Each structure stands twice: as C-alpha cells, then as structure tokens.
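S.K.: Below, each chain spelled out in residue letters.
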Amino acid sequence: MKNPLIYITVVLAALTGCVSSPAIRVADAEGVESVSGLSMGCNSPFELTRDCSGFSGPTKDISIEGHNVKVAGNDDQTVTVIFGGKVMSGVTQATNLGYELMKRELVKRNIKIVKITPIESSGLMFGYALKTDVPSYQIWDEFKN
Amino acid sequence: MNYLKVVLILVTTYLSGCVSNQSGFVVPGESLVPSARYYVVKARDDERSLNEVIVRNLLAKGYSVSTGLREETPKAADYLINYGSQWQWDITWYLLDFDIRIYTHANNLFVASAHSEQTSLLRKPQDEIVASVINRIFVD
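The listed protein sequences derive, respectively, from chains A and B.
By the working numbering, the letter at position 62 of the first sequence is numbered 62, and the numbering carries on one by one without gaps.
By the working numbering, the letter at position 77 of the second sequence is numbered 77, and the numbering carries on one by one without gaps.
So here's chain A without its partners, still in its complex pose (with noise of 0.2 angstroms):
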C-alpha cells in the first residue's frame, strides 16, 4: 500500500457520495426511455413553439385544480410539455400530479395521450411530454394563470 490516503479517500468518497435510484414515475411513464432536463432545448427534441424559453423552458403558467405548472406546445397543438415547479422544492411530486390532473383534464374531453416522454436528470423529474391523438395546446389556455 503505496499510500493509505488514497485508499482512505476512495472508500469515504464511495460510502458518502449520494447515489440515488431513479425518480418516481407516473404509472403511464414506467419503462419508457426518458430525455435529459438539461441537455433538451425549445427545439429539441419536441419542435416546442409555443410558450417556450431557450432559457427555462415552458413558460405558460396554469393553474388545475389550484395547482400551478408551466407549459409549452408545439406548433399543431398535439404535444404538450409541462414542467412541475421550482427544482429545491419537490419538483418530481409536482410534476407527477400535474400529469395527473392534466391527464384527468384530457380525459374528460376524450382526448387520449399517444405518448409520453419523462424529461429526468439527476434524479429529478422535471417534467413530461405528452403527445395527444388530436390537436389538446389549446385547452390549457382555459386554466392560465
């Protein structure tokens, strides 16, 4: 053993550094491949021309059933990204019931979701892309903040 330290230092950093399984899903969401939060853009990978930021993404504030979420569509209105809330603060439960209520919302109408896509990165689900059987943006317009 050339030098204890290093070994010592190893083996602190393995059993302090965090390692985490991934986030909680959707039941929709389970065994689909997600896309990163931090690498995807306005217009990629959904073509997001409606109320997007190349900053912070989705931009349109809603408010179902008293909970806020922000959105962004595409140009015919069929895919629908919503991101749950602030990063410190429970970002991946916010998500989750937003797609919850959104997809109670969709229901109701008889609008189906063909698709879904969880955008995830270090454990965090930010967000979700549903892509719907007919054009759905439009609706969330009704429930702006």
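Possibly wrong hints are sitting among the right ones.
[What the hints assert, rightly or not] As a list, the in silico DSSO-like pairs of lysine-lysine whose alpha-carbon atoms are at most 27 angstroms apart: (1) A:Lys108 to B:Lys75; (2) A:Lys144 to A:Lys60; (3) A:Lys112 to B:Lys75; (4) A:Lys112 to A:Lys144.
[What the hints assert, rightly or not] Restraint-style ranges between C-beta atoms, simulated for each label pair: (5) A:Asn145 to B:Glu47: 35 to 43 angstroms; (6) B:Ser64 to A:Glu65: 24 to 32 angstroms; (7) B:Ser20 to A:Ser122: 17 to 25 angstroms; (8) A:Leu38 to B:Lys75: 38 to 46 angstroms; (9) B:Arg70 to A:Lys112: 14 to 22 angstroms; (10) A:Gly41 to B:Asp140: 24 to 32 angstroms; (11) A:Lys112 to B:Pro28: 23 to 31 angstroms; (12) A:Asp76 to B:Ser31: 18 to 26 angstroms; (13) B:Leu122 to A:Ser56: 26 to 34 angstroms; (14) A:Ser39 to B:Asn135: 22 to 30 angstroms.
Think of the hints as simulated: they come from the structure by calculation, not from any bench.
Remember, it's a predicted structure, so these values are computed and weren't measured experimentally.
Cβ coordinates follow ideal geometry from the N, Cα and C atoms, glycine included.
The hints should help you fit chain B onto chain A, whose structure is shown.
M.R.: Coordinates of chain B only, in the frame set by chain A:
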C-alpha cells in the same frame, strides 16, 4: 462577533439538512371512503414490499384493502393505489422520496395523491414515512 456569525452559518447549514416535505392532494369533489374496496398494485421495482406496509396501515384504519400484481387486480376493486419510491445511498440506503396515487378502477381517473420527501440527516424509517403519507389523505 465574527465567531458568532460562523456558528450561526454552521448551525443553519446543519439544520437545512434536516428537512422533510410532505403533502396530500384530493381532487376537489372526490373523497376516499372506508366502505370502498382498495387494491394496492405492487410496484415492479419495489424490492422492500412497501405494498404490504401500505396495506397494514389502511387495514388499521378500517379500510377494505388487498394487494398484488396489476394483472391480479380484483374486478370488485373500487380504487387502485399505485405507489413509488426513490431510495438514496448515503452511507446506508434511506427512503428519499415516496408517494401514493389513487385512481378509480372503473375508468382509471386520478383521485388523490400524497408524498413525502426527506433529507439524509432526517432519514425516518420506511414504515414511519408510509404511515405519515397515508395519514395525509386517509382519515381515521
């Protein structure tokens, strides 16, 4: 004076690690009644049988509840309970994030959810976390 500032910063930093965040949400107009039949769907990635802990807690509150795989869902169930857990390694494993979500069985409509999030310094045991999350939306 400088010494006092340093102590205050250290205490604040230490205490900020002892944080637990919990909440519950029931969709307005919906309610979770004890007379309904609940079914806890075992999560595919749950290696610690948290579904059994949920069932124990609900039975203790007088709710009619059973658990098993999604494919085994009884036709008579009124509500399905899904749950999720995120574990973190920090010298030992602890339950970082836990939630339950409740849906109607008939049309898979979201009804309620509750969650708990805790930091490494707090690290309450999993049974305690599950019980406190259930208490957020199920009343005795």
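S.K.: For each hint, tell me whether it holds in the structure or not.
M.R.: Verification of the supplied hints:
With a C-alpha separation of about 23 angstroms, the suggested pairing of A:Lys108 with B:Lys75 holds against the 27 angstroms cut-off. For the hint linking A:Lys144 to A:Lys60, the alpha-carbon distance of about 7 angstroms falls within 27 angstroms, and the restraint holds. This hinted pair checks out: A:Lys112 and B:Lys75 have alpha carbons roughly 24 angstroms apart, not beyond 27 angstroms. For the proposed pair A:Lys112 and A:Lys144, the alpha carbon gap of about 22 angstroms is at most 27 angstroms, so the pair holds.
For the pair A:Asn145 and B:Glu47, the supplied restraint of 35 to 43 angstroms holds, since their beta-carbon distance comes to about 41 angstroms. For B:Ser64 and A:Glu65, the Cβ-Cβ distance of about 27 angstroms falls inside the hinted range of 24 to 32 angstroms, so the restraint holds. Separated by about 20 angstroms at the C-beta atoms, B:Ser20 and A:Ser122 satisfy the suggested range of 17 to 25 angstroms. The beta-carbon spacing between A:Leu38 and B:Lys75, approximately 44 angstroms, falls within the hinted interval of 38 to 46 angstroms.
For the pair B:Arg70 and A:Lys112, the beta carbons lie near 20 angstroms from each other, so the given range of 14 to 22 angstroms is met. About 49 angstroms separates the C-beta atoms of A:Gly41 and B:Asp140, a value inconsistent with the hinted range of 24 to 32 angstroms. Our hint of 23 to 31 angstroms for A:Lys112 and B:Pro28 holds, since their Cβ atoms are close to 24 angstroms apart. Separation of A:Asp76 from B:Ser31 is about 39 angstroms and departs from the stated range, judged on CB atoms against 18 to 26 angstroms.
About 31 angstroms separates the C-beta atoms of B:Leu122 and A:Ser56, a value consistent with the hinted range of 26 to 34 angstroms. As the Cβ distance of A:Ser39 to B:Asn135 is approximately 39 angstroms, the hint placing it in 22 to 30 angstroms is violated.
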